[in-house]
Every structure is written in C-alpha cells, then in structure tokens.
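So the protein lines, in turn, are chains P and A.
Throughout the first sequence, residue numbering follows the numbering used here, covering 1277 to 1680 in sequence.
Throughout the second sequence, residue numbering follows the numbering used here, covering 1277 to 1680 in sequence.
Some clues are possibly wrong.
Coverage of chain A stretches by chain P, computed from C-beta distances (three or more under 8 Å per stretch; other residues unrestricted) [unchecked claim]:
| # | segment |
| --- | --- |
| 1 | 1317-1328 |
| 2 | 1417-1431 |
| 3 | 1435-1442 |
| 4 | 1485-1492 |
| 5 | 1565-1572 |
Simulated from the structure, these hints should not be mistaken for lab results.
By construction, the Cβ of each residue, glycine as well, lies at the ideal position given by its N, Cα and C atoms.
2 protein chains.
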Amino acid sequence: MNFDQSHALFRRATAVIPGGIYGHTTPAATIPGAVPYFASEGFGCRYRDIDGHAFIDFMGGYGPMILGYHHPEVEAAAEAARRLGAAFNQPTPLLVELAEKLVARIDFADWAVFGKNGGDLTTWAVQVAREVTARPKILKITGAYHGADAWCTPGHGGLLPEDRAHIHDFPFNNVTALEALFAQHRGQVAGLILTPFHHPAYADSQLPTPEFTAACNRLCREHGALLILDDVRCGFRLSTDGSHTVYGYKPDLAIYCKALANGHPISACVGRAAHKAAASRVFLTGSYWNDPAPMAAALACLDIIARDDIPQKLARTGQRFIDGFLALGIKHGIPLVASGPPAMPYVRVADDPSLLRTQNLCAAAIAHGVFLHPHHNWFISAAMTDADIDEALLKLDTALATLR
Amino acid sequence: MNFDQSHALFRRATAVIPGGIYGHTTPAATIPGAVPYFASEGFGCRYRDIDGHAFIDFMGGYGPMILGYHHPEVEAAAEAARRLGAAFNQPTPLLVELAEKLVARIDFADWAVFGKNGGDLTTWAVQVAREVTARPKILKITGAYHGADAWCTPGHGGLLPEDRAHIHDFPFNNVTALEALFAQHRGQVAGLILTPFHHPAYADSQLPTPEFTAACNRLCREHGALLILDDVRCGFRLSTDGSHTVYGYKPDLAIYCKALANGHPISACVGRAAHKAAASRVFLTGSYWNDPAPMAAALACLDIIARDDIPQKLARTGQRFIDGFLALGIKHGIPLVASGPPAMPYVRVADDPSLLRTQNLCAAAIAHGVFLHPHHNWFISAAMTDADIDEALLKLDTALATLR
C-alpha cells in the first residue's frame, strides 16, 4: 500500500501549515509513513484516502461518526435546517427543542447549553464549578484528555504556570489519592472532572471500580464540590441516556460532544437546577453556536440512538470484533490484550511497553484495509454489520500472518 | 409588532437553559421586549422571526453573513464537500488548499491554521506569542472583545485572578499609555492584541490614528513582541486581503472568522515563517476542525469576495445607508452620530450617554422591519441592493416619525 498522494500533499501542507497537519490527526501521533495523511470520502463504516485506498474504519473520525458517514436520516434533518439559514441574530426554536430533549433524556439534567467542541464546554464547566463554589481548585485524572485549553492541554507550548495553578492530578481509580487531595485542599475544591472510564492515549483503558465511583460521588458531596463528567468521548455510546448511568456516577455537570450529532459540529453541557443561576453568570458564546443545522442533526441522532438502541448494538458488534481479534492473536501466536468497553475497545500486543509491536500490528491492519489506531481507543460504528466485522477479521487474519 | 411566539418560546427556554438564551444573542444585551428572541429563516439580506415578521437585516448574524443568507455559490460548494463526509480520521485536501489561498491572499502570511470560532484562535495566538517570546505579558485594548475565554471574556462569572495575571489593558489610540505599558513590563511583553479599528459594545467605534498604528508597529518591533491583529469581525469586509492593509498595521499573527465562510463554522489564524516552528508547538485541535464543508465554503467565499470586490461594494452600500439615515435624523429633528467604516457602521442618537434614546430608535426601526442593534456595530451585507437600502430608509422615515 503506497501513500504517494498523501505524502506529496503533506509536503505541500508543510509549506503553509505549522507541522503540516496539527492536532490529534497529525501523522506524528499515529504511525508516520504507514497511514494515510488525507481522507477523501466516507460512506457508512468505511472511508477512502486520497490514494484511493478504502478502509473499514474503527476510528470514526476519532468518535463523531457513531452512525457511520453520511447517515441519511441525520443528513436530511441537518439539510432541512440548513436551508433556513446558519448564523442568525437570534437562535432558532431548535435550541429549545434540543435542550428539552437532553433534559428529558438525562436523569439529573435540568438544563442544557451548547458549544461547538467538547473543550468549549469542559472549560466552561470548570468555570461554572468555580462560580458555584467560589473556590479555585479543580481535581482531574492524570493523563486524562479534556481538550486543548491551557488548563488541560496535553501540549507543552505557550503555557504559563498560572494556567494550572489550581489544577491537581491524581491517578484514576485511586480512592486514597483522591481523599488526600480533598483533605489537602479542604474548602478550596470547586470540582472534580473525569471521564466515565479512563481512556488515556498510549495506554490501556481502565473501567472504574465501584469503590472509585462511590468515592467520587461521596467526596464531592461531602466537600461541596461539583462532579463534572466529561462524557465527550463516551456519551450515548455506552447507554442512551449518558454514561453516568452505566457506572453509577452522580454528576452535577456532564459534557457531550462526539456522538451527539454524527459529525455535525456541536457539543452540550447539562446541569442541575441548583447551579442554573451560577451557570447563567459564566459568559458563553461563539459566532456560529446558534447554527440550527447541527442542532437538527443532534435531535435526529439522539432519536435514532434511542429508537435503535445503538449502545446495545455497538456493544454486541464490538464484542464480536474483540472476540474474533483475540482469537486471531492466539492463532498467529501474537498475544493480544483488550481493554475498554466493547463499544470503545482498545487492543494492543501483550508485553509491548513501547507500543512498537502494536504500531506494527496496526500498520499491517491498515495495509490490509482495516483502520486501527495504535495509541488511542477505537470506536465501533452502528453502520457495522456482522458481515463488516467478519470481513475486517478476514483482513486482519491476513495482516497478522505477515507479522510472524 | 407583537412577539408573542418569541416570548412564549423564551419562557419555555428559561425552563431548560440558564438565562433562556445565552451569549451575545441574549435578549438582555439588546432591547428586551422590543426585539424578536428567535429566528426562523433567512434569505439574502433579510430574515424572518418566529412570529412571522420579516426584517431587512443590518446585523447578519453579528457578522458572518457577509454575502447574505443562503448564498447559492457558497452553499453549493459546502454541500459538495459535505456529501463526502464530515469528521474524518485525517483532514481532506481542502485544508491545504485553504491554507494556500490565505497565504497567497495575505501579504505577510506564510502559514495558516483553522479553528471553529474566533476565540479559539485569538487564545491560541496569545499562546503562540508566549511560546515565541518565552514571555508572559499580553497588552490589549480596554473594552475590546476577543472572545469568551477567561483571559478576555466580558463576563464576570467563574474567573480567577490568575486568568488575567499577565493581561494589561490600555485605551485605544493612546500611544502614551501603550509606551508606558511596554516600559513598565520591559522584556516581559509577549504580544499586543487589538482589532483593526476599535468596535466596543455600548460605545462609538473609533478608527485608528496613523500615529497609533505606527506606534503599535514600532513598539512591537523594538520590544520583540508579536503584533496580533484580531481581524475576526472586520476581516475581508474592509479589504479583500486583511484589514491591516487598510490601516497600515504590520501584524505577526492575524485571526479571521466571521466573514470567512458566510456563516459556515470556521476561523483562521495566519502568521509569519519566523514563528512557524513555535506555532507548531502550541497544541491546537477540536473534534470537528477538519470538517471539509466549512473549508469549501471559505474557499468559495474568499473567491467571491475578491472576484466581486465585496469590500468596495459594502463601503458604497454602507455610505448610501449612513447618508440617508443621517439625513432622516435631520429631517425628523433627531440628531444622529455615525461612527466606524461604512461597511460596519454604528449610528446612535447624539447626546445619549445611557443609549436609551438609541434603544428607542432601534426599537422603532425593528417595529418597522429594519433590524438594527442599539449597542453593537452593524454589518452591511453584499446582498443589499440600492433598492434594499432605499426600502430600509423609507421604513426608517416612518419609524423616526413615531419618535418625535
């Protein structure tokens, strides 16, 4: 598999873009030389790169494409809204309808607001917690991704010590460390932010222990801090009504994004009535945030997710894929380790601390038409049928044979 | 003119959204009770609210709709890209084409990056300036809007002292104050950020004096600080190639957004080769930032802006409107004051420090089908013909008669 067009265009890109491609889709974060650098089109659970290779896609745009590329119902809803206009002087009624839908869907939610990106609202939620409590400190999980804003970015450039003066990290599932931070900063903790399960880059996913979720709920309540659930990546993939119901979190604020509108740019934060007045005091806006098309897409996507019980379908499809993949590992003498829920699995080669063998595994998969990421959890698409999974496993069978 | 549907829906909204409507489109920031709260559809330079009133629109969604709602060429370009997909695992070639177009168009630009909102990139530009200089301080204009992020938001909720520990304000056009800040923070200033002209809310617009632009250029150069031009609101409205050419700024970084893609969600930051490596070290990403449709819209919009010399058209149309409006003020004995460039005018009642009479003026205009904002600069649309302006002036003639 050659990526001549990708590499040629990347050379053009480096002339006019810092790093050529920035952010999470930069080749440097994947397997430089062994992956496409530019996409051309998507359809269902597959997409094509600019060299003409087609892939069965286990990343879905790093999450948004929960129903598959160009889902007819979602696209029709978005297009109907788009014909009316985009950035108005006022919002359209879809703003209210979407807030009402989330409030009806999510048990603890009394209100909702919307942004364009997950990080728009993880950052806003942190500010709401500070406004509610009049305290500065935020506790977060070491290695968790909550966006590219200064308080949480995984990057290193352009930061000041002040950006993180009140951000304190602790390891996921570590109740003792969480208790110690609450004790150390008694009366100063505005909020605890975490993802429903821990899905760090370059490491296995970790599901929360019941003791950990109970401790998060209890310590936030005891200390008067807000529990902020960053459900950007998991939301509506693990359950139809927010991932907190899967693991038993009792959040005060939750942020949704990637699966909310099947690729249309929108994010949401929901919260409780007790914090609504404070939330209204934290200024929130953007030039295109009232655009009705992504709101129409979200309304359609949320309906489909409930109507077709998409989380149950993703779990079943994901389990079929993991079972088949692990069996192929045994067949080919390449021991594999799976982590994360089946709807968002991550599979790596065992005893591979550098992830070099996992990179080779994913490079071979990509070369055989199955797009896997060596350092990031994957995303099962509802557009995947059993036949798609079986085709992917057949390709992986051939791919693994090349690695022996 | 009654707004029964707007008011009924706003009551529904307050049940599920903090404040009912948040951000710059909140009724509280306009003329509560005298303006529509929800829009239904737009077409050219007009839009309709949910009570069925049609307005000739002098706000254009607070800027984005430079060519008018649902411009056929821009929509066709966006739709063609959208059919290919949205959030991919990689960018599409449109990323490179759009960066190349901006680099070719803007004289000092050697590279470009893209976000969704203006504030995404004003904040990033501040970080780039800090990364380039290894200094913390940012100088900005008192009352200037650069987005809703903590370092610059006009809001008050959820902020910490640390958020603005290194942000220092000074009045627009005040060379002495700027010199004093550079002297006071010698060796510590990373950048100066400002808009091409000063367009504060609740006040007249101010054009820069030649002495001021010269001082901005000279002091940034002498002190090794970056000149960051926030061209979010003005960009491509005052000239086809960035507003710095209009006033003589020599920016190091410039941010564009509102007029870039006629309402499709995208923003851009361009910069110089000398800062490209540093820029690549400031992490920048978002879930939907590679979406090809807004990039296709931006390519089409930039082409149309150049092909049809839209800035020249906006200036001519805006001048016709201002001249007519000021004449109506004289006719009706309501002295008016106009400020800002004709493409982005702001007209208020003279001797009206509370802006109460200006609110009454705008309320009357709205009641007669002309949408004006009492506290924010307006935006002339390229979709406005002389006949539209004359129709607006006829409506304003009737509106002003009601105010005597």
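Hints and how they fare:
no.: 1; hint: 1317-1328; result: holds (count 6)
no.: 2; hint: 1417-1431; result: holds (count 6)
no.: 3; hint: 1435-1442; result: holds (count 6)
no.: 4; hint: 1485-1492; result: violated (count 0)
no.: 5; hint: 1565-1572; result: holds (count 3)
Going through the hint list in order, the structure does not satisfy hint 4, though it satisfies all others.
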